[in-house]
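Line by line, the protein sequences are chains A and B. Residues in the first sequence are numbered from 1 upward in steps of one, following full-length UniProt numbering. Residues in the second sequence are numbered from 1 upward in steps of one, following full-length UniProt numbering.
Read the hints as simulated data drawn from the structure, not as lab findings. Here the structure is a predicted model, which means the values were calculated and not measured. Just so you know, even glycine gets a beta-carbon here, dropped at the ideal spot from N, CA and C. Among the hints, erroneous ones may be present.
[Claimed, not checked] Covered stretches of chain A, going by a simulated chain B footprint (3 or more residues, C-beta under 8 Å):
| # | stretch |
| --- | --- |
| 1 | 94-105 |
| 2 | 187-200 |
| 3 | 240-248 |
| 4 | 287-294 |
[What the hints assert, rightly or not] Here are the simulated DSS-like cross-link-like pairs (lysine-lysine), alpha carbons at most 27 Å apart as the crow flies:
| # | chain 1 | residue 1 | chain 2 | residue 2 |
| --- | --- | --- | --- | --- |
| 5 | B | K87 | A | K193 |
| 6 | A | K723 | A | K758 |
| 7 | A | K681 | A | K629 |
| 8 | B | K19 | A | K193 |
| 9 | A | K268 | A | K302 |
| 10 | A | K748 | A | K629 |
| 11 | B | K91 | A | K302 |
| 12 | A | K652 | A | K346 |
| 13 | A | K193 | A | K268 |
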Amino acid sequence: MPTAYPLPTNLSPATVANTASLIRIVALALISGAAIASRLFAVINFESIIHEFDPWFNYRATRVLASKGFYEFWNWFDPTAWYPLGRVVGGTLYPGLMATSGVIYNLLHAINLPVDIRNICVLLAPGFSALTAWATYMFTKEMKDASAGLLAAAFIGIVPGYISRSVAGSYDNEAIAIFLLMITFYCWIKALKQGSALFGTVAAVFYFYMVAAWGGYAFITNMIPLHALVLILMGRFSSRLYVAYSSWYAIGTLASMQVPFVGFQPVKTSEHMAALGVFGLLQIVAFAQLVRSHVSSHQFQKLLATGVISIGILGAMAFVLLTYKGWIAPWTGRFYSLWDTGYAKKYIPIIASVSEHQPTAWPSFFMDLQFLVFLFPAGVILCFRELRDEHLFVIIYAVVASYFAGVMVRLMLTLTPVVCVASAVALSTLLDTFVDPTEPEVVDDTRSESGASTISAPGTNGAAPSPTTPATTSKKAKKAAAAAAEHPTTLSDILASSSTKTAKPKGIYGLDTRIMVVLNTICMLAFFVSHCTWVTSSAYSSPSVVLASSNPDGSQHIIDDFREAYYWLRQNTPEDAVVMSWWDYGYQIAGMADRPTLVDNNTWNNTHIATVGKAMSSSEEVAYPILRKHDVSYILVIFGGLIGYSGDDINKFLWMVRIAQGVWPDEVQEPSFFTPQGEYKVDDNASPAMRNSLMYKMSYYRFVDLFGGAQAMDRVRQQQVPKVGPTLDYLDEAFTSENWIVRIYEVKKEDSLGRDLKSANAFAQGKKRKRSKPTTRRRAIL
Amino acid sequence: MAPKSSPPAASNVVHSLWKAYSDQTSDRMKFIDAFLVFLMLSGVAQFLYCVLVTDYPFNAFLAGFSSNVGQFVLTASLRSQVNPENKNEFKEVSPERAFADFALGSIVLHFFVYNFLG
Numbered sequence: 001m002p003t004a005y006p007l008p009t010n011l012s013p014a015t016v017a018n019t020a021s022l023i024r025i026v027a028l029a030l031i032s033g034a035a036i037a038s039r040l041f042a043v044i045n046f047e048s049i050i051h052e053f054d055p056w057f058n059y060r061a062t063r064v065l066a067s068k069g070f071y072e073f074w075n076w077f078d079p080t081a082w083y084p085l086g087r088v089v090g091g092t093l094y095p096g097l098m099a100t101s102g103v104i105y106n107l108l109h110a111i112n113l114p115v116d117i118r119n120i121c122v123l124l125a126p127g128f129s130a131l132t133a134w135a136t137y138m139f140t141k142e143m144k145d146a147s148a149g150l151l152a153a154a155f156i157g158i159v160p161g162y163i164s165r166s167v168a169g170s171y172d173n174e175a176i177a178i179f180l181l182m183i184t185f186y187c188w189i190k191a192l193k194q195g196s197a198l199f200g201t202v203a204a205v206f207y208f209y210m211v212a213a214w215g216g217y218a219f220i221t222n223m224i225p226l227h228a229l230v231l232i233l234m235g236r237f238s239s240r241l242y243v244a245y246s247s248w249y250a251i252g253t254l255a256s257m258q259v260p261f262v263g264f265q266p267v268k269t270s271e272h273m274a275a276l277g278v279f280g281l282l283q284i285v286a287f288a289q290l291v292r293s294h295v296s297s298h299q300f301q302k303l304l305a306t307g308v309i310s311i312g313i314l315g316a317m318a319f320v321l322l323t324y325k326g327w328i329a330p331w332t333g334r335f336y337s338l339w340d341t342g343y344a345k346k347y348i349p350i351i352a353s354v355s356e357h358q359p360t361a362w363p364s365f366f367m368d369l370q371f372l373v374f375l376f377p378a379g380v381i382l383c384f385r386e387l388r389d390e391h392l393f394v395i396i397y398a399v400v401a402s403y404f405a406g407v408m409v410r411l412m413l414t415l416t417p418v419v420c421v422a423s424a425v426a427l428s429t430l431l432d433t434f435v436d437p438t439e440p441e442v443v444d445d446t447r448s449e450s451g452a453s454t455i456s457a458p459g460t461n462g463a464a465p466s467p468t469t470p471a472t473t474s475k476k477a478k479k480a481a482a483a484a485a486e487h488p489t490t491l492s493d494i495l496a497s498s499s500t501k502t503a504k505p506k507g508i509y510g511l512d513t514r515i516m517v518v519l520n521t522i523c524m525l526a527f528f529v530s531h532c533t534w535v536t537s538s539a540y541s542s543p544s545v546v547l548a549s550s551n552p553d554g555s556q557h558i559i560d561d562f563r564e565a566y567y568w569l570r571q572n573t574p575e576d577a578v579v580m581s582w583w584d585y586g587y588q589i590a591g592m593a594d595r596p597t598l599v600d601n602n603t604w605n606n607t608h609i610a611t612v613g614k615a616m617s618s619s620e621e622v623a624y625p626i627l628r629k630h631d632v633s634y635i636l637v638i639f640g641g642l643i644g645y646s647g648d649d650i651n652k653f654l655w656m657v658r659i660a661q662g663v664w665p666d667e668v669q670e671p672s673f674f675t676p677q678g679e680y681k682v683d684d685n686a687s688p689a690m691r692n693s694l695m696y697k698m699s700y701y702r703f704v705d706l707f708g709g710a711q712a713m714d715r716v717r718q719q720q721v722p723k724v725g726p727t728l729d730y731l732d733e734a735f736t737s738e739n740w741i742v743r744i745y746e747v748k749k750e751d752s753l754g755r756d757l758k759s760a761n762a763f764a765q766g767k768k769r770k771r772s773k774p775t776t777r778r779r780a781i782l
Numbered sequence: 001m002a003p004k005s006s007p008p009a010a011s012n013v014v015h016s017l018w019k020a021y022s023d024q025t026s027d028r029m030k031f032i033d034a035f036l037v038f039l040m041l042s043g044v045a046q047f048l049y050c051v052l053v054t055d056y057p058f059n060a061f062l063a064g065f066s067s068n069v070g071q072f073v074l075t076a077s078l079r080s081q082v083n084p085e086n087k088n089e090f091k092e093v094s095p096e097r098a099f100a101d102f103a104l105g106s107i108v109l110h111f112f113v114y115n116f117l118g
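This is chain A alone, in the form it adopts within the complex:
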């Protein structure tokens, strides 16, 4: 056989195999190292600190778990959250993340390594990213071979789409959830391939862990049944499928109900019914198969078919009836918002107000996946080439996850693993073809026909050696075209017809072509690595609690206003002083300032949030009774106008108005906050409702004084603030941080002489009461 370059001939197959496995292990270790290392930018550039919002709650809960033990944590009622309602924390969270850190903490302390719980929390996500790389390797190995697996592991290790949720300090549920997602899928594929109840059970156990860790478990709950259903519909039912699915579902569903936050949902809500339905269908199909194996009457088979169909219809009708009767909860709003992107904005503004629930912008696909985004479709099409059961899984996963990633930025995370897997399959097929030294032979027609027929056989073997090469390229082209045009179910016919056609021997001639393609690929990979490193270091490693800007000389300047303000609260206010802020900052106030908050990122009580929104968006006189009724002592607002921090409360203000309007449509109206031209302005043209709102006043209070007579400029909105700043009668400025990002106001107590605070203020300033116009009396709400 002619080869393009000389191969050593004196190596025994055992040596080759051993070396390959050693190289694989070393490569995996290096990939894990790279995955961990690239997530440490946040620690190196800033410090070992918990990031963003939700992680602060997770961290707080983990501290309770580590210091007080599991039972305390499980029964934890937090009276300081959602003041005055409180929150049953143990029953309203996914405890998997905290339990994991707790176990690691206790383990390390058991072997006398006194590691701080904060460092465990900070480094948990990087650690699990190494495990994710391994799980992706195993998963891809089932799809193609170990070399594709290594590529996939390398991709998932450094791809920004996953790093965005798993940098050091990003102590959120997703940190461990993606690992669990991949390992559950791997076990499922393995169970399906072998027909093994063992792997089904292991998949169920990991599924349980996933349910305990992340609300996104519903993705698995629907992906696996969907895969099973497609297999049944394609006529690929086998006893292996029965064993794998039944063992996974029976154990996994029971296990998932052990998590208090999930409770009876798996048998009572529509999101979980698909899994149950497929389970029932599988039982019926399996029974029919069993009966058919004993009876071969044609009529009886027909009877069975009608029986199966009628039972299916009956089941669907029973489901509709149960939903109608209210025994099964219908789809939740969060689910609808996945299908209709405008739904959330109309009916549940609180979901739409979260920036990560917005539809994904196209550039972010490239930013998060870089060249994988081009390889991904190629990989999916390559899956059609063999179309084994597990390839179908990747195809379904790819389609479903692509859709979801387009709907919500946040769900990019679930797309990323399958992109890595499919791209790795595509890239490793490319490399296989071009690194393979076999030169195509120049043959006559008769030989090529026999060649084509022998080639199709090893094609089913994942790690097929060199002889496949001549056919793969030709087949690839044909099937790519076929797959693009045709539906998967009819594809098998096309496959059959295309393999019978005589294929001309095609292949790679000479060394130059190979070197060109391989070099090109290496270049692309190098660009990918540098892109990932750049995106990770510049975009995804900011803790957002600590901000960074650069000085004119290029050195880094740290803006630490948040912690400054939170520690001021912690040091200077009584421990039971209730702090009101928009819900984004609830967890941070609880975590860093340790003070009760009205609302936080848990967002379970829409009315309570709307109350805060109403207080923020109405005038002082209206807001004051609300504040007093809720025992609010301090109000905290985020204001970025001075240094240009765009994520401030004025920019979020319209959401507060919308959410408040959802509950009190008569008292708060969104249009009144716009100028007559329909613009959102904070300058002289701002509408009266805007300028009288508590939020506006608190944000711009004394802002003009800062400019000493010059025109005050809001640097976020690029607008000039009115020359005369707002005045406050019911609040006192208590604290403003260095760069004015956090401003804290104290709510005044009622006047000791029984006057309303406005006239008391006017009196103190020596102004006379105007007789002609009686001052606005404080009105009671409701």
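Given chain A, work out where chain B should sit, using these hints.
What follows is chain B alone, placed relative to chain A:
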């Protein structure tokens, strides 16, 4: 699923099915099938109790019922794995391993059942 059109033919079919079953199935399989039938009856009884009497400790009902369903599917899996007819489908699962899988699955299942009984 009894056919509506021709009752005599149906009873005939059922009869021949039963005959074929008792002829073709080994005693071990029949033993497993007996267990399956028992589990099914037990599950039906619990379900009827839940529907007709009360579902009050709902977790207890779910635990009991899922233990039946789970055990049923695990046993059915075991049955199809050790069935000699399916030998070429389960290439990597020997009957011994099938039983080990079955035992492990049952242990995990009943761990959760016990935890859920309340």
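- Message: Hint compliance check: list the failing hint numbers for this structure, sorted ascending.
- Response: The structure conflicts with hints 1, 7, 8, 9, 11 and 13, although it agrees with all the remaining ones.
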